[in-house]
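Student: Here is what each chain is made of, one letter per residue.
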Amino acid sequence: MGSSVSRLLRGPAVLYLPAALFLLVFFLVPLFNVAWMSFTEPDTGFGNYTAFFASSFDVGVLLNTFKTAAIVTLISLIFAYPVAYVAARYGGALGSILLLVVTLSFWTSFLVRTYAWMVILGVKGPITAALIMLGWSPPPQILFTTFASTFAMTHLLMPFMILTLYAVMRRIDGTYMRAAAGLGARPLKAFTSIYLPLSLPGIANGSVLVFITCLGFYVTPVLLGSPRDKMIAGRIGDEIEQMLNFGGASAMAIVLLVATLGLFALYSRFFGLDKLWR
Amino acid sequence: MTKSDISGVCSPEQAVSTAATKVSRRSFLATAAAGAALSMPAVRRAVADEKVLYVNTWGGAWEESAKEALFTPFTRDTGIEIRTVAPVSFAKLAAQVRTGVYEFDVTTLGVAELGRANQAKLIAAPEKSILDPAKLWPGAVVLDGVASHAFGNVMAFRNEKFPAPGLQSWADFWDVQKFPGSRCLQRYAGRVIPIALLADGVAPDKLFPMDLDRAFKSLDRIKPYIRVWWSQGPQSQQLLRDGEVDAIGMWNTQVQRLVEAKAPITVSWNQAVVDVAYWAVARGTPRSENAWRFVNYAVQPEPLAKFSVKNDYGPMNPEAFKFIPEDKAKQLPTWPENFKNSIVLDPAKMLPQIDEFSKRFDQWIAS
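These protein sequence lines map, in sequence, to chains A and B. Numbered by the numbering used here, the letters in the first sequence go through residues 2 to 279 in order. Numbered by the numbering used here, the letters in the second sequence go through residues 30 to 396 in order.
Derived by calculation from the structure, the hints in this document are not laboratory data.
Calculated lysine to any residue pairs in the SDA-like style (CA-CA distance at most 20 Å, straight line):
| hint | chain 1 | residue 1 | chain 2 | residue 2 |
| --- | --- | --- | --- | --- |
| 1 | B | K121 | A | D239 |
| 2 | B | K357 | B | V338 |
| 3 | B | K388 | A | T51 |
| 4 | B | K252 | B | A395 |
| 5 | B | K121 | A | E42 |
| 6 | B | K121 | B | P315 |
| 7 | B | K121 | A | G238 |
| 8 | B | K190 | A | P140 |
| 9 | A | K125 | A | V113 |
| 10 | B | K252 | A | Q142 |
| 11 | B | K150 | A | E42 |
| 12 | B | K190 | B | V205 |
| 13 | B | K388 | A | Y50 |
| 14 | B | K388 | A | A52 |
| 15 | B | K80 | B | Y326 |
| 16 | A | K125 | B | P293 |
| 17 | B | K252 | A | P228 |
| 18 | B | K388 | A | N65 |
With the hints as constraints, model all of the structure from the sequences given.
Tutor: This is the structure:
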């Protein structure tokens with residue numbers, strides 16, 4: 002080992018090493034393996050990719066996945082922002098209770114919460130009962146619709162958004178807003194020109210987190226949505242478990258990865274990815 | 030599902046590239062290789078003459094009854110310890126033959142999977158010295174799978190919606206004019222397509238090769254009335270119990286729980302589409318001798334009877350009924366009275382069409 006390495010081993014960079022090794026072994030190597038399979042199984046070449054893009058069904062599933070993730074991200078943001086704002090800005094008992102409620106939901110698994118929505122949104126559930134009581138007859142079907150799966154995914158992912166926003170908002174100095182008010186800005190003006198820009202890193206962070214997590218959703222759309230709500234993770238699972246088509250499934254996974262990275266490149270171009278780490 | 034749903038949360042590429050560029054490449058690779066070697070014990074390198082056998086199970090109630098009826102007695106008689114790996118994964122079976130690292134030696138496969146596994150050379154032919162197909166009942170071994178137990182895809186419906194006699198056949202199930210109400214079927218091509226053909230009037234003995242155009246035309250007719258396509262066993266039970274759907278095609282094993290709970294439902298055995306679970310041994314496993322001894326044991330009348338009864342499966346070995354009280358036997362798919370009105374799916378006959386109908390069904394259902 003050269004002296005540069007031994008110097009490095011005493012420096013703070015060595016702290017990266019365990020994580021880097023872990024990621025190399027458990028992330029990069031398998032990822033490389035997946036990429037490799039997509040070009041070599043069952044035949045060498047681009048066959049799996051041409052098959053994917055020739056199938057309007059598969060491309061449709063991919064587009065639907067991105068569309069769903071975008072919608073879920075947007076709705077979570079709209080609902081999460083006020084919650085995080087209240088918790089961060091007013092703190093105290095209300096803030097603690099809000100955060101406690103948000104954190105509590107992490108104690109129950111995604112699957113259990115998905116099943117809970119099946120009960121709540123079902124024909125014998127409280128929502129339908131309430132609609133009937135209000136004179137809505139026959140009541141609309143809620144379960145097994147795109148609405149139900151989008152709604153449940155938003156619920157499952159909103160805590161991530163709230164906590165990320167809260168982490169950023171807590172660091173925003175409250176005196177800025179008082180200063181703005183002191184200088185005569187109305188509350189809305191003060192919010193849009195001071196608070197909102199300062200909370201942008203939280204918005205960027207939370208959106209990216211929710212968006213990516215949503216791309217991998219699998220069971221929730223199957224259990225709550227209509228058959229049209231197929232997401233790409235479900236397709237990848239089917240190809241492997243039912244068809245034993247490792248090459249095709251790998252190609253889908255790589256397309257998903259590349260499309261996601263491509264989207265981030267665009268995002269970075271227009272909004273600046275550096276906001277994520279600021 | 031939780032794991033897969035929340036994976037990809039971080040952005041790991043970032044961290045790795047930062048560290049990798051700062052450490053010299055060679056030392057980095059050497060350390061990484063060592064790390065990879067150390068992390069491997071989670072996957073077992075097989076050793077030939079171990080007194081142990083790894084069985085891939087469905088977990089839960091399935092594993093519990095298998096333990097009681099099959100695993101524990103087998104260990105007692107042979108001294109071979111059985112360790113279980115759950116849940117059943119077809120993909121894992123393929124992966125382990127490909128890599129030569131065996132996580133399990135024995136698994137169960139359904140009709141559609143057996144054909145595929147045999148074609149892809151994932152499973153081994155019986156070792157005749159241990160399990161001789163000629164010494165079992167006729168038709169016991171198909172495509173190297175040993176028939177174990179069967180479950181019926183039966184029709185069940187809510188009594189208040191369809192008073193007696195209610196739905197009698199799949200044609201009735203399809204007849205939404207005469208029997209208005211919501212329907213539900215499994216999201217599984219291998220069972221739904223035969224059902225669709227039966228509903229369209231195809232005679233059971235003319236089912237194969239399946240006329241797929243006719244099947245999908247038949248499916249088009251019922252599609253608007255299918256409220257949901259179920260995908261998990263317990264889900265089908267919940268849908269019928271809660272009245273979410275009025276009539277459903279589901280497994281006899283699941284609907285039996287509702288019958289026992291005195292739910293207001295009727296189960297019709299007529300035209301049940303019967304699926305069979307086959308024991309299969311992973312090709313190339315060094316513990317194949319233990320594996321075949323176990324499979325041979327598991328299909329013997331007495332242990333098989335015990336196992337089947339626990340979960341309401343139908344034993345495939347006819348001798349097993351000698352060990353099952355008649356009132357219980359009547360609820361099982363392979364009981365002669367039930368069996369004679371059933372259609373048994375045949376892996377060899379389904380195999381040539383399997384890729385085509387699976388793909389077509391996936392696209393059809395999402396359209």
